[in-house]
Amino acid sequence: MSRKKELLSKVGLRLDGRRADELRRIRCKLGVFTQPDGSAYIEQGLTKVLAAVYGPHQVRSKQKAQHDTCIINTQFSMAVFSTNERKKRPRGDRKSTELSMHLQQALLAVIKTELYPWSQIDVYVEVLHADGGIYPACVNAATLAIIDAGIPIKEYVCACTASLGNNDVPMLDVSHQEEVIGGPTLTVAALPMSGKIVLMEMSQRFHLDHLPKVLDKALEGCKDIKAILDEAVKKHIQDIGSSTGWANTTS
Amino acid sequence: MEVDTLKEENNIDRLKCDLGLLSRPDGSALFTEGQTVVLAALYGPVEVKMQKVLVEKASIECIYKPKAGFPCVQDRFKESFIKNICETSLAVSLYPRSTILVNIQEMQNHGQLLSCAINAACMACLDSGIDMKFLFGSVSCFLMKDGELSLIPPVNESSIKGMFVFVFNNTKGEVIASHTEGLFTAEQYHDALEGGRQMGVAAYVKRGTRSPFVCHLSLSERRGGTRRHDNDMLLPLRPELGDHPGYRAMFF
Amino acid sequence: MAEQYKTLHSAKYYRDYLKNDIRPDCRQLSAFRPVIINVDSIKTADGSAIVKIGRTTVVCGIKAEICRPKPETPRQGFLVPNVDLPPLCSSKFKSGPPSDQAQVLTQIIADILENSRCINLEQLCIFPDKIAWCLYADIICLDYDGSLIDACALALISCLKVVTLPEVEYDPGLDKQQVNLEKRSPLNISCTFVATTFAIFDDKLILSDPSSEEENLSAGTLTVVTSDEELCYMHKPGGSPLNEEQITKFISICFFKLSVILRNIATY
Amino acid sequence: MPIDHKRINGPEESVPYELFARLSGITSEKTFEETQSANIRTDGRKFDEQRKIFLKNGVVSQAKGSAYMEMGQTKVMVSVFDPREIPNRSDYSLKGEIYCEFKFAPFSCPKRRLHQQDNEEKQYSSIMKKALESTVCLHELPNFQVDIYALVLHNDGSALSAAINAAGVALAEAGVPIYDIVASVTVGVQQGINFLDPTLSEEQMCQTQLTTEKFPNPNHAVVIISKLPMQQQLCQFHQTGYMSLDQLKSALELLTKTCETIVPLVQKCLLSLVTNSIKP
Amino acid sequence: MKVDHLICLPGERLSICNKTYTSGQGTYERQGYIYSTLAGIVDVVDKDGVKVIEVHSSGQQTIIPTQGDIVTAQVYIITQQYAKCFIKCIGNTVLRNPFKAVVRRENVRATEKDKVEIYKSFRPGDIILARVLPITEAHMYQLSTAENELGVVIAHSEHGYPMVPISWTEMQCPKSLVKEPRKVAKSTKKKYKFEK
Amino acid sequence: MSLCDAEKTFILHGVKENFRVDGRDREGYRPIELETNIVQHAFGSARLRLANTDVLVAVKLEIDVPFPERPFEGKLEFFVDCSANATPDFEGRGGETLAAELANILTSAYRSPQTFNLKKLCILKGRKCWKICVDILILECGGNLFDAVSLAVKAALHNSQIPLIKSINIDGDNIELNVSDSVFDCEKLDVANAPVMVTVCKIGDQCIVDPSLAEEQCSVGSVVVAISQEYFSTVTSIGKGSLHPRTMCNSLELGQKVGIRLNKAFMETLHNIQPDEDVGFLK
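Residue numbers (full-length UniProt numbering), protein chains in the order written: chain A, 1 to 251; chain B, 1 to 252; chain C, 1 to 268; chain D, 1 to 280; chain E, 1 to 196; chain F, 1 to 283.
Don't read these hints as lab results, they were simulated from the structure. No false leads were slipped in.
So the derived list for chain F, only partly shown, Cβ under 8 Å to chain A, looks like this:
id, residue
1, 39
2, 42
3, 54
4, 81
5, 83
6, 84
7, 137
Straight-line C-alpha distance at most 25 Å; calculated SDA-like pairs for lysine to any residue:
id, chain 1, residue 1, chain 2, residue 2
8, C, 257, C, 35
9, F, 128, F, 61
10, C, 19, E, 174
11, C, 130, D, 18
12, F, 119, D, 212
Ideal placement from N, C-alpha and C gives every residue a C-beta, glycine not left out.
Construct the entire structure; sequences and hints are all you get.
Put into structure tokens, the structure is as follows:
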């Protein structure tokens with residue numbers, strides 16, 4: 001039986017020509033829409049995600065209101081054309097519910113919810129193109145959208161995936177192709193500045209010995225992503241600031 | 001605690017029942033009739049949903065779960081049948097604005113499923129200590145092609161012409177509920193009813209006299225929190241069932 | 001004022017009437033409501049019947065389609081009865097999937113159909129293991145005013161009696177079938193079943209053919225289904241306990257009703 | 001067909017037998033040609049002639065208001081219930097709402113309909129809702145919803161119009177305040193000919209384009225309008241197909257005129273309703 | 001009683017709308033005219049010199065509770081703060097679908113409001129007469145029984161017998177002679193008929 | 001969005017004066033931005049932004065079996081998804097009513113063979129055909145959804161390419177289709193007759209086109225007309241109000257006039273559109 005396709009070639013290049021510790025190209029933009037209070041768009045390789053934030057506003061169902069904190073309502077949705085095979089419905093299946101909850105957990109870790117008692121923040125993410133690493137892209141997009149909305153956060157929350165190539169070499173930012181071929185995928189959402197991990201999820205088993213180095217790699221990825229996001233935020237602030245004569249720094 | 005297997009007649013020998021097997025519900029019973037096994041659990045009276053609140057009595061809900069797969073139309077029929085019987089026999093007016101939940105789980109089906117489920121429901125009600133107007137017991141009666149009546153499911157299914165399920169109360173032996181399959185004459189129906197009643201009354205009058213004691217026992221034990229775990233007291237249901245470690249864990 | 005009294009004190013309101021051996025709709029306790037059967041008025045169906053029992057109205061339509069028999073019963077076709085209680089017929093029902101009551105009713109009708117053996121499913125087979133008829137019998141309640149089982153059973157049997165199926169020629173070699181729409185033939189129905197519902201009021205009074213209000217107030221119902229000389233269903237889903245004498249009485253009433261209904265059906 | 005656990009299911013797959021019928025040779029083109037040359041429709045009507053209408057109110061005893069309408073073979077039943085609080089709403093709305101559900105009975109059409117509402121039925125529901133929304137005085141029913149259910153027992157064309165007409169009567173019987181009675185009419189257009197109150201086969205013929213060589217006129221469409229006759233207002237308008245402005249205008253004119261013929265029938269029905277209630 | 005009724009249908013123009021004629025119940029006004037919204041009988045009511053044109057529906061009117069209406073309701077849940085009930089009739093019109101409503105503690109009676117205890121005023125199952133208060137909340141009507149003629153009209157004792165009022169705060173079971181506290185409505189002719 | 005009476009009056013007067021709040025006349029459209037081919041793995045796609053209304057459309061192809069009653073035709077299906085990004089009201093199943101309305105009107109507009117020829121999608125009579133799935137994602141609502149959606153659909157269909165079938169092998173019940181892999185072996189869809197929709201909105205006594213969200217609030221009734229060449233493929237009234245037959249005629253005339261103009265301009269744009277590198281939401 002022939003072995004499965006190698007994730008890494010002999011010279012250490014991956015199927016799409018990246019090195020093992022290389023991220024895919026990240027491009028992002030804040031404030032893509034006018035109606036939401038905050039919105040952002042991110043591309044990680046071919047994976048494309050839109051995020052919109054509404055709030056803080058009055059809680060929609062009174063029973064859920066909390067006296068000491070605001071509730072974060074998230075919805076994950078995937079366009080029916082986002083995958084190669086057309087999806088039947090954009091949301092409501094088990095996977096999207098799970099991703100919604102994970103996103104909520106990640107955001108609860110950074111948003112200063114205690115500032116907005118009796119209120120609610122809605123975060124909606126819409127995947128336009130799925131090409132591996134959907135969850136990290138959603139978390140990163142949501143972070144940007146929350147920053148665009150001007151909601152105070154403790155620090156950035158970034159997410160990244162990592163895998164193990166050739167049973168030995170940790171690889172960063174797994175693409176869909178690599179996910180399909182096999183190999184374990186470790187998803188980490190972290191606060192890169194304090195180095196805290198908010199969420200960690202693994203898709204397959206691998207030896208415990210490998211965990212530290214894969215995890216390190218993923219955290220490193222989170223830090224890299226943070227740097228990229230940071231730059232985009234600064235640029236965005238500059239754009240708005242200069243256009244408004246620095247009178248009003250929020251859009 | 002086990003209600004003694006009744007040994008008056010061959011038929012009754014086929015009945016076995018264990019009460020209070022489950023710790024969560026307010027009442028539970030595992031009822032065995034021949035090879036058919038049904039587990040019933042009762043919760044209640046508990047808080048009622050806004051839509052289902054009844055001012056002067058408790059609302060009863062019954063959920064029937066088949067052994068495998070989703071419940072279908074047939075199971076919905078059993079649910080409604082058992083629910084109606086419980087409504088008749090439980091003293092529902094004592095628990096206004098509350099819900100009594102009866103869960104029935106089919107474990108094994110070798111015929112007589114409906115009557116076995118009804119009996120299990122009755123024993124679960126008994127175990128829970130909810131006030132009842134009377135006890136009820138169900139009997140299946142088979143009508144053969146040659147006109148004979150039998151209380152045991154025949155080996156050869158093709159010889160069955162019809163089947164009757166009767167539910168009697170233990171006070172006067174009247175019919176609370178009836179369900180039939182197949183074609184039959186009025187006389188055959190009467191014969192089956194008589195035959196069924198004899199066995200039903202035999203089983204249930206006896207059980208009925210014991211019931212206050214059983215109820216009392218189960219209640220006092222529960223309150224005291226000293227449920228006895230005496231293995232000798234409990235006969236395994238069926239040898240192969242009892243030997244199975246999974247079942248043991250569930251029962252004790 | 002009477003109207004208010006009726007809604008606030010409905011049980012007492014009824015008791016006052018029943019004391020005088022009469023029901024609020026002026027019927028005797030054992031009286032049945034008039035039955036009207038109208039068949040074949042819906043041309044898009046392969047057979048149809050509309051039954052009115054008092055104000056209770058039920059329509060049954062049968063539509064035939066072609067399918068493959070089940071491997072375990074290669075010589076049988078299908079007859080799929082379903083009862084629908086749409087929100088249109090009463091405010092009791094909401095739109096959406098069938099309510100519990102509709103499901104129970106569907107099961108009862110399916111049981112009656114099977115018990116009575118009025119139709120041999122083998123006549124619905126066109127070619128064994130290859131092609132068969134599937135008759136979808138959809139029974140829809142249009143006005144819900146009690147004794148639904150009676151109305152549904154009557155609608156179904158009346159409908160089955162007027163169903164005609166076109167002739168089908170099947171060529172096993174080519175696996176091709178051709179339908180001749182011009183030549184239609186009826187089904188062979190071996191018996192007629194008639195259901196009769198009684199309500200038990202205050203544990204002793206027996207009301208025949210109860211209306212929806214009477215059903216709500218009563219302490220249980222009993223449905224007897226007779227098929228020619230025999231009984232094919234005795235359905236008593238809980239409610240007040242009955243003794244044998246009472247049951248005997250019911251059965252004799254039912255056989256009497258059967259003869260009346262049969263005369264009614266025979267007229268069309 | 002997916003398995004429905006709340007119904008009795010038939011075989012996994014079944015097809016209508018009409019598909020295997022011996023070819024009769026009747027095509028839309030042929031029917032149209034015959035109709036055109038004879039200058040009379042297949043059921044003997046003139047092009048601008050309506051079918052016989054039968055209208056009866058109070059057919060469902062359990063509903064607040066109900067009506068049954070027959071237009072030729074088409075049979076529709078509508079019932080209206082008491083207003084109830086709008087479900088799943090937390091805020092108070094000053095205006096009431098209308099909920100419409102339009103359903104074809106499974107056996108009402110040549111092809112068997114499924115139990116779940118399909119897209120066509122949903123669209124008809126929303127058209128019906130549109131027509132009735134501007135008919136009912138919604139401001140008199142704050143925070144309430146009026147439920148209207150329509151069931152087609154036999155569809156032989158113009159079923160939606162019949163349902164809207166019947167709904168108007170049912171609403172009036174239920175005592176729901178309405179600005180006016182509603183009258184609805186359907187017309188089918190093919191090759192510049194207006195088929196008033198089309199049957200199902202005519203409706204189908206008007207939905208398709210006949211072969212272009214023989215019939216160069218591309219006009220084909222089905223138009224449904226509902227009107228409040230006293231107010232001279234169109235409360236609903238729907239057209240689908242392909243038609244020119246002139247053709248559409250002529251159809252509109254025909255329809256508005258025909259709506260007036262429905263009015264006396266509805267009036268007669270409601271009048272007897274009121275007189276019966278006065279003299280018990 | 002009028003012999004000849006003036007029947008009108010929805011959308012029918014009834015009269016011009018001016019200082020003498022104004023639009024009342026069952027009608028609406030558009031472009032200077034009064035039109036009917038119901039199928040029913042026209043009724044002209046003289047109110048302070050102005051003729052109000054009303055239309056009354058033939059059958060049961062579609063009616064929803066409005067502020068000030070007297071309603072008959074059945075209590076189904078009591079707490080320390082309020083009693084929840086279903087409105088069954090508005091005036092003399094019987095409703096098919098009951099509406100949810102609530103009687104708050106402060107609206108039970110007119111005097112000594114702070115001493116009111118709900119369980120001494122109502123029990124589940126009681127039939128009460130009450131007045132509708134201004135509507136503030138969606139889905140819930142506020143009722144008041146703070147008038148002599150309002151309060152419990154029909155109640156059953158714990159033994160299930162209809163009780164007889166013996167004072168404005170107590171009712172008695174005729175069989176067991178047990179007295180139970182209630183906020184009793186002052187006996188009017190209407191109530192007497194209920195008891196019969 | 002809710003407007004007070006004064007705001008409504010202001011808009012009303014603007015319409016009367018033929019000088020709307022944003023400076024347009026009654027027949028004017030707001031700026032439209034169009035990009036095509038922005039969803040890489042779809043067969044065709046388009047993103048259209050009409051002022052603040054943002055719509056993304058992707059076309060996917062599937063091989064299917066034709067309807068038994070129409071064996072010579074392929075299938076065309078519309079699916080609309082209202083993303084919660086547009087408004088929190090669309091969360092969960094909140095947008096389904098609007099989505100169904102949009103999908104229904106599109107289906108109705110594309111129903112006539114004059115507007116879109118389904119016969120070209122047939123591969124093998126009664127056995128195999130192409131099914132075009134047009135998936136519409138509403139990302140932002142800034143008024144006039146119908147027009148924006150119809151234009152975006154038209155652009156996406158224009159952008160779509162159907163691969164050629166190289167050979168068909170029939171073996172009893174099995175049909176094997178050999179689809180060409182080459183990117184260049186494709187056929188473009190003909191969208192010359194594909195309908196464009198124009199929403200004619202009655203405000204006061206006048207009718208306007210391309211209403212903004214605020215103007216939609218002031219309207220007593222609107223008519224959506226779908227125009228294919230100079231013909232009407234669908235007309236439907238929306239909103240709660242009713243219209244006089246004369247107003248209806250005026251609306252139809254206005255809709256047709258604007259529709260023809262809009263279609264002409266749009267077709268020109270479609271032919272001239274150039275692929276852009278930096279596409280999507282990054283601009």
